[in-house]
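Novice: Sequence:
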Amino acid sequence: MANKQMTEDEVVAQLRSGMTIGIGGWGSRRKPMSLVRAILRSDLTDLTIVSYGGPDVGLLLAAKKVRHLVYGFVSLDTIPLEPHFRAARQAGAVEVTEYDEGMLRWALYAAACRLPFMPSRAGLGSDVLKVNPGLRTVASPYGDEELVAIPAVRLDAALVHLNRADVHGNAQYLGPDPYFDDLFCTAADKAYVSCEQIVDTAELTRTAPVQSLLLQRWMVHGVVEAPRGAHFTSCVPDYERDEAFQREYVQAAADPQAWAAFYDRYLGVPA
Numbered sequence: 000m001a002n003k004q005m006t007e008d009e010v011v012a013q014l015r016s017g018m019t020i021g022i023g024g025w026g027s028r029r030k031p032m033s034l035v036r037a038i039l040r041s042d043l044t045d046l047t048i049v050s051y052g053g054p055d056v057g058l059l060l061a062a063k064k065v066r067h068l069v070y071g072f073v074s075l076d077t078i079p080l081e082p083h084f085r086a087a088r089q090a091g092a093v094e095v096t097e098y099d100e101g102m103l104r105w106a107l108y109a110a111a112c113r114l115p116f117m118p119s120r121a122g123l124g125s126d127v128l129k130v131n132p133g134l135r136t137v138a139s140p141y142g143d144e145e146l147v148a149i150p151a152v153r154l155d156a157a158l159v160h161l162n163r164a165d166v167h168g169n170a171q172y173l174g175p176d177p178y179f180d181d182l183f184c185t186a187a188d189k190a191y192v193s194c195e196q197i198v199d200t201a202e203l204t205r206t207a208p209v210q211s212l213l214l215q216r217w218m219v220h221g222v223v224e225a226p227r228g229a230h231f232t233s234c235v236p237d238y239e240r241d242e243a244f245q246r247e248y249v250q251a252a253a254d255p256q257a258w259a260a261f262y263d264r265y266l267g268v269p270a
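For the sequence shown, numbering that gives the first Met the number 0 assigns the number 0 to the initial residue and increments by one for each residue that follows.
No lab work stands behind these hints, which were simulated from the structure alone. We treat Cβ as the ideally placed atom computed from N, Cα and C, and that holds for glycine. Heads up, a few of these hints could be off.
Distance ranges between label pairs, derived from CB positions [unchecked claim]:
#: 1; residue 1: 264; residue 2: 199; range: 35 to 43 Å
#: 2; residue 1: 199; residue 2: 133; range: 44 to 52 Å
#: 3; residue 1: 45; residue 2: 1; range: 28 to 36 Å
DMTMM-like cross-link-like pairs, simulated, lysine to aspartate or glutamate; straight-line CA separation at most 25 Å [claimed, not checked]:
#: 4; residue 1: 64; residue 2: 76
#: 5; residue 1: 64; residue 2: 254
#: 6; residue 1: 64; residue 2: 176
#: 7; residue 1: 189; residue 2: 144
#: 8; residue 1: 3; residue 2: 195
#: 9; residue 1: 129; residue 2: 100
#: 10; residue 1: 3; residue 2: 188
#: 11; residue 1: 189; residue 2: 100
#: 12; residue 1: 63; residue 2: 97
#: 13; residue 1: 129; residue 2: 144
#: 14; residue 1: 189; residue 2: 176
#: 15; residue 1: 63; residue 2: 155
#: 16; residue 1: 64; residue 2: 188
#: 17; residue 1: 189; residue 2: 9
#: 18; residue 1: 64; residue 2: 263
#: 19; residue 1: 63; residue 2: 42
#: 20; residue 1: 3; residue 2: 237
#: 21; residue 1: 63; residue 2: 144
#: 22; residue 1: 129; residue 2: 97
#: 23; residue 1: 3; residue 2: 155
Produce the entire structure from the sequences given, and follow the hints as far as they go.
Specialist: This is the structure:
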């Protein structure tokens, strides 16, 4: 079995401007923030980002890395609206595809199954169809029901963060929720996982059930050991969300000068 261990910058070196990149986690929970920061340090641009968004989306929008955003929501959880996302939407500065949470899940699942679309009742009777005029409906071949045909969202690359992994790409979550990190990885041509700790393969199931192994090595092309790599989002049980830092982030986002100072202090590159 190949050793797939990489650094954040080595992962980003595999990416190209114009790619469609899925980012795992959920809002301000278990986001691959060290990988996001590596993108900020790069010259990547014109990206399509697919995410149940949090500060990953906000930071990339603030850095003008994003051309098109596909999302189920963008939130900081305890702070309902991500400030950079709100500013970009209000200014019309980014092209968007806005689905509900279930529709985005089906879009990723269709891509993982290598299908062109998935039929769903989600979206029927709602404004989702109005804000996405390209969506189509299909008639069930087994009755007269009309369903939404949710198109597959195929990813060039996926970035996710889990608690532990081995060097081969087997990766494990130890918190209460897998989110859809496995779907992001299987919907992508290449997937990269950062983790709190790289351990021997046998250690993954020594004290945790085999069901916690969310990712298998065939799904993963690179593994990054990144202690606290999800900060300031949570990575339970290793750490909770840094609420004080998150409040500072939001306050800084309200003023361009404060944001430039925040960005330089914590991200190490000019805003």
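Novice: State for each hint whether it applies.
Specialist: Now the hints, each set against the structure:
no.: 1; hint: 264 <-> 199: 35 to 43 Å; in the structure: holds, 37 Å
no.: 2; hint: 199 <-> 133: 44 to 52 Å; in the structure: holds, 48 Å
no.: 3; hint: 45 <-> 1: 28 to 36 Å; in the structure: holds, 31 Å
no.: 4; hint: 64 <-> 76; in the structure: holds, 23 Å
no.: 5; hint: 64 <-> 254; in the structure: holds, 20 Å
no.: 6; hint: 64 <-> 176; in the structure: violated, 29 Å
no.: 7; hint: 189 <-> 144; in the structure: violated, 37 Å
no.: 8; hint: 3 <-> 195; in the structure: holds, 16 Å
no.: 9; hint: 129 <-> 100; in the structure: holds, 17 Å
no.: 10; hint: 3 <-> 188; in the structure: holds, 16 Å
no.: 11; hint: 189 <-> 100; in the structure: holds, 23 Å
no.: 12; hint: 63 <-> 97; in the structure: holds, 19 Å
no.: 13; hint: 129 <-> 144; in the structure: holds, 20 Å
no.: 14; hint: 189 <-> 176; in the structure: holds, 23 Å
no.: 15; hint: 63 <-> 155; in the structure: holds, 20 Å
no.: 16; hint: 64 <-> 188; in the structure: holds, 21 Å
no.: 17; hint: 189 <-> 9; in the structure: holds, 14 Å
no.: 18; hint: 64 <-> 263; in the structure: holds, 17 Å
no.: 19; hint: 63 <-> 42; in the structure: holds, 11 Å
no.: 20; hint: 3 <-> 237; in the structure: holds, 23 Å
no.: 21; hint: 63 <-> 144; in the structure: violated, 43 Å
no.: 22; hint: 129 <-> 97; in the structure: holds, 11 Å
no.: 23; hint: 3 <-> 155; in the structure: holds, 18 Å
Of the numbered hints given earlier, the model fails hints 6, 7, 21; all others are met.
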